[in-house]
Amino acid sequence: MQFSKEDVRQIAKLANLDLTETEVDKMAHDMGEVLTHMEQLASLDTDLVAPMAQVLYAAPATASLRTDEVRERTRLGTADALANAPLSGAGHFKVPRVIER
Amino acid sequence: MQDISSLTIAEIRSGLAARKFSALELARAAIRFAEAENPKTNAYLTLCPEVAEAAARAVDDKLARGEDPGLLAGVPVAVKDVLSTEGVRTTCASRLLERYVPPYDATAVERLKAAGAVMIGKANCDEFAMGSSNENSAFGAVRNPVALDRVPGGSSGGSAAVVAQGTAVASLGSDTGGSIRQPASFCGVVGVTPTYGRVSRYGLVAFASSLDHVGPFARNVEDAALTLEAIAGRDELDATSAFAPVDSYRAEMKKPVSGMKIGIPKEYFEGLSPETGDKIAAALDVLRGLGCEVREVSLPHTPYAISCYYIICTAEASSNLARYDGVRYTSRAEAASLGEMYRKTRGEYFGMECKRRIMLGTYVLSHGYYDAYYLKAQKVRNLIAGDFSQAFSEVDALVAPVSPFPAFRLGEKMADPMQMYLSDIYTITGDLAGIPCMSVPCGKTREGLPVGMQILTGHFEESKMFRLAYAFEQAGGVA
Chain H
1 MQFSKEDVRQ IAKLANLDLT ETEVDKMAHD MGEVLTHMEQ LASLDTDLVA PMAQVLYAAP
61 ATASLRTDEV RERTRLGTAD ALANAPLSGA GHFKVPRVIE R
Chain U
1 MQDISSLTIA EIRSGLAARK FSALELARAA IRFAEAENPK TNAYLTLCPE VAEAAARAVD
61 DKLARGEDPG LLAGVPVAVK DVLSTEGVRT TCASRLLERY VPPYDATAVE RLKAAGAVMI
121 GKANCDEFAM GSSNENSAFG AVRNPVALDR VPGGSSGGSA AVVAQGTAVA SLGSDTGGSI
181 RQPASFCGVV GVTPTYGRVS RYGLVAFASS LDHVGPFARN VEDAALTLEA IAGRDELDAT
241 SAFAPVDSYR AEMKKPVSGM KIGIPKEYFE GLSPETGDKI AAALDVLRGL GCEVREVSLP
301 HTPYAISCYY IICTAEASSN LARYDGVRYT SRAEAASLGE MYRKTRGEYF GMECKRRIML
361 GTYVLSHGYY DAYYLKAQKV RNLIAGDFSQ AFSEVDALVA PVSPFPAFRL GEKMADPMQM
421 YLSDIYTITG DLAGIPCMSV PCGKTREGLP VGMQILTGHF EESKMFRLAY AFEQAGGVA
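Protein chains in written order, with the numbering used here: chain H, 1 to 101; chain U, 1 to 479.
Same shape as in the complex, but just chain U:
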């Protein structure tokens, strides 16, 4: 059997069709590989061999009967542990949900399974998806498979790491302020945050509902596009899911990019590490070589984005996390009264970052401060979204760095939460505006650390985004 760590979805499809291997053989190889790799990275919180083998057998049965086994037939995938999976524990990397087993699948997971994908495990992440380094997991940090002394990024660090190490061909993550793109850039894989509402959030454990997105990771653009195609589209179980039809990204991404207008937001190149800047500059040369027209644009409200984002996301988080009170979800501290049970359960089982965000959110929503913080942030959000509308009236897409710097060392930013928050500067704006954005591998620093190029387009213009990403990748990208 071929090396599983480099298989693409197309190769799996043709390998299964030619009977070079069965889905069951592939699933078993993926599980064995994951078991061997996991002690190095801690990227999986749970492996589910029985579930994987049953799904793989179903694919093999369909193939034997001559039926269409689905778009992602036999593809070993991992799912971030904030997405509900029926019968497989979903911890949100929190002690609070250590033993929580959901009674249903999230819609994105259900659609992956319906497409024939084989879920082999649940990926580690920051507790309740709150963090930029995956060091806030109650079950230990994830190590970057590219450089084991570095963080994989966060909060979907495990989802990025499993794809980078090759134990899963694709994975699902969630992105509220950069939690797909930043770890994708740190681990050197493709990560996609689709348009707000493009993928259903039904069954995604809520962090900040006006900002939460579900999206895929993969090792190349085509596999990411295929995975998004499988999970995207209207879902009546999520009232915020969009009605817009889903394009065939596979077909659309192969269209030429010559003549496309690309905007470079000048505010995204201030305070950038020089090596990251050099790589993005080299990427722009590649895009120019493909016939794209590159020009500078301005997103003038960018300097206000961090404040705006951390007011809105903490406000929504403080409300969403109110449900963890010791009544329904597995963990409860012993107490004599109901009120004491709430306070002790939450105090005992939430980690420090969740507590910090609950506190900040409670403060900005509290009487007397609402107008100055939450309402103000909602207005600034409108200005930030307006910056993008203005830019997209001039250009087709924006290209920028994903992160100001490559993967940092474990522990480097843990002592200072403000420094950690500031590292999200180039990714949170896309979430605030709800536009599709992705990270594409863009070479490595002299130390061998991956750099990510970010592509952003207008609402529901994923096809255009994939076109640029695919053309860049096919042209060889940046070394």
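For reference, chain H alone in the conformation it holds in the complex:
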């Protein structure tokens, strides 16, 4: 399968990912190679097979639900939540301007 530089740029746009020209070249080659390998799946008849999203075990459908109460263990104060922020202020994460006035 051929994967063009234009294909790479399109997917990178969807992924919000800047790539250098060198990376675009390398990515076109690598994705072509990997996707070619993946084409082998088409040869397998799976019409009657159900998709498996993850491993599930027998438990009541509500087993993982809980009452809506604050748990001490997962309490995260504003200061802790912002401690790793690149930029914060007035109790918020700050980002570049989103809407022009």
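Treat the hints with caution; some may be incorrect.
[To be verified] SDA-like, lysine to any residue: derived pairs with alpha carbons at most 20 Å apart: (1) H/Lys13 <-> U/Ser319; (2) U/Lys344 <-> H/Leu14; (3) U/Lys413 <-> U/Thr8; (4) U/Lys344 <-> H/Leu56; (5) H/Lys94 <-> U/Thr330; (6) U/Lys344 <-> H/Ala85; (7) H/Lys13 <-> U/Tyr370; (8) U/Lys254 <-> U/Thr8; (9) U/Lys255 <-> U/Ala475; (10) U/Lys379 <-> H/Leu48; (11) U/Lys379 <-> H/Thr36; (12) H/Lys94 <-> H/Ala79; (13) U/Lys413 <-> U/Asp149; (14) U/Lys266 <-> U/Arg288; (15) H/Lys13 <-> U/Gly140.
Since the hints were derived computationally from the structure, they do not count as laboratory data. Just so it is clear, the structure is predicted and the values come from calculations on it, not from any experiment.
Fit chain U to the supplied structure of chain H, relying on the hints for placement.
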């Protein structure tokens, strides 16, 4: 004090009880040893002497008061740097999180600490656990302590290396497609991937959520079993964690294996390096000698596993890594608009393998391709899981190689990502099916490189897996 690099958990327990050494002395010796060894292997990204000494003092205080200091009291451990540790930076071996300090402990880490373990540092790994050689770390590759020109395997290469070099008695890693078992086999230690949901993933930085597992490394089966016992079990903070009760693996593993039926999946012996094949054959002779019945079985969908796995894991990774956008997690590229900030931050701070997986995942999930790739892979996953169900209706356990070949040289596979992906062929199937599997040391090649034997059992049958591993180890294994 005894040589720390060969201490077992049982020896630490008896040494502390007999006051031969204190937990603090042990912690300090482990830190000193780690500081001396690390320039050779780069296995630790962070050492945390203050945290270790405080934990060790707490163990010594409990001992002085006559209290039970816990199952892993005083045991020096390391934790893969994708598991959150309160107050100790957690980088995921990525420049993106170089300065990230989590405000809480992962559940597995919290349980280790509650059992009295002493965390001495954070282990290097592939960036966001993506890789099979530990060469994708933004902070430099890890060298295999057994052969310094070789990779330790990946992605939990650091966690395997610290146990092999002896600076930690046990460690935690994560396994999405083989990232515990393959480095364990390359470094000659025991590595366990438990049943999906057996160990909570709360606080594990997510890579591919339907495949991620947390599990232990140790130098022998008993220590691995003990460490798993300490961290396993239901956690209400992880909705996917299982309710099934946790066995006493220590007690269960000592039961006899005579009469156990072992299946040899024939598809796992194609394209194997001859020396690895010889070692596994020798291991099967040992198991026969212990009274096990060995027969061939088939897992017919194995040839489709690599494609299936790399579709599912990249799809999930592209979604999980979307959170690294420059807003919340330490690193941000300067930009005039929000969109530009997202694109530049991600472009600047992610390494090439993460970018490749984000791109592949975005592609297989994109409009028009979803059915052909992601949905198709989920169906094939069901077939692969069905292969195992069928096999376990005939046999108690499966035995196979972990990797087609022993540790390769640094740089050998870096240029060709497809070759790197293909090296995961025997390990990704266990993750896709969510069954417990482990790597047990199985002799060395003529060059002195460790070989690993893989044992796989049905869901929640860790006890059976440990029984076989323990019996094999006690019988002397393979030279």
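Structure-based check of each hint:
Among the hinted pairs, lysine 13 of chain H with serine 319 of chain U is consistent with the structure: their alpha-carbon atoms are about 15 Å apart, no more than 20 Å. Restraint check: the Cα-Cα separation between lysine 344 of chain U and leucine 14 of chain H comes to about 14 Å, which is no more than 20 Å; the hinted pair holds. For the hint pairing lysine 413 of chain U with threonine 8 of chain U, the CA-to-CA distance comes to about 35 Å; that exceeds 20 Å, so the pair is violated. Among the hinted pairs, lysine 344 of chain U with leucine 56 of chain H is inconsistent with the structure: their alpha-carbon atoms are about 39 Å apart, more than 20 Å.
For the hint linking lysine 94 of chain H to threonine 330 of chain U, the alpha-carbon distance of about 12 Å falls within 20 Å, and the restraint holds. Between lysine 344 of chain U and alanine 85 of chain H the CA atoms are separated by roughly 17 Å; this keeps the pair inside 20 Å, and the hint holds. Proximity of lysine 13 of chain H to tyrosine 370 of chain U is assessed by CA-CA distance (about 18 Å); at most 20 Å being required, the pair is judged to hold. A threshold of 20 Å between alpha carbons decides the hint, and for lysine 254 of chain U with threonine 8 of chain U the separation of about 17 Å falls inside it, so the pair holds.
A distance of roughly 14 Å separates the Cα atoms of lysine 255 of chain U and alanine 475 of chain U; the hinted pair therefore holds under the 20 Å criterion. A hinted pair counts as satisfied when its Cα atoms are at most 20 Å apart, and lysine 379 of chain U with leucine 48 of chain H qualifies at roughly 9 Å. About 19 Å separates the Cα atoms of lysine 379 of chain U and threonine 36 of chain H, which keeps this hinted pair within 20 Å; it holds. Restraint check for lysine 94 of chain H and alanine 79 of chain H: the C-alpha separation of about 14 Å stays at or below 20 Å, so the hint holds.
For the hint pairing lysine 413 of chain U with aspartate 149 of chain U, the CA-to-CA distance comes to about 14 Å; that is within 20 Å, so the pair holds. For the hint linking lysine 266 of chain U to arginine 288 of chain U, the alpha-carbon distance of about 18 Å falls within 20 Å, and the restraint holds. Taken as a hint, the lysine 13 of chain H and glycine 140 of chain U pair is broken in the structure, with Cα atoms around 29 Å apart against an allowance of 20 Å.
In summary, the structure is inconsistent with hints 3, 4, 15 from the numbered list given earlier, while agreeing with the others.
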